[in-house]
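Q: So in full-length UniProt numbering, the last spot in the sequence shown is 39, and the numbers never skip.
If you are wondering where the hints come from, they were derived from the structure by calculation, not from laboratory data.
Note that CB positions come from ideal geometry on N, CA and C, so glycine has one too.
Warning: the hint list may mix true and false statements.
Unchecked claim - Derived CB-CB ranges, DEER-like:
#1 Leu3 to Gly38: 49 to 55 Å
#2 Arg39 to Ala16: 33 to 39 Å
#3 Tyr35 to Leu3: 44 to 50 Å
#4 Val6 to Ala27: 45 to 51 Å
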Amino acid sequence: MILLEVLETKEFYVIASHTMAVFVVCAIAIVSWKYIEGR
């Protein structure tokens, strides 16, 4: 049971980290696009 909880926590951490990575990439892309458009 404890092992299952740890596994779920690890899985949640992986999903959260992937979601954050995608968000960061999108944010960088938007900022770069606005910067290029601004020039």
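Q: Next step is simple, just say for each hint if it's right about the structure.
A: Hint by hint, here is what the structure shows:
1. Roughly 52 Å separates the CB atoms of Leu3 and Gly38, a value that falls within the hinted 49 to 55 Å.
2. With their beta carbons about 35 Å apart, Arg39 and Ala16 fall inside the hinted range of 33 to 39 Å.
3. Checked against the given bound of 44 to 50 Å, the beta carbons of Tyr35 and Leu3, roughly 48 Å apart, stay inside it.
4. For Val6 and Ala27, the Cβ-Cβ distance of about 31 Å falls outside the hinted range of 45 to 51 Å, so the restraint is violated.
Of the numbered hints given earlier, the model fails hint 4 alone.
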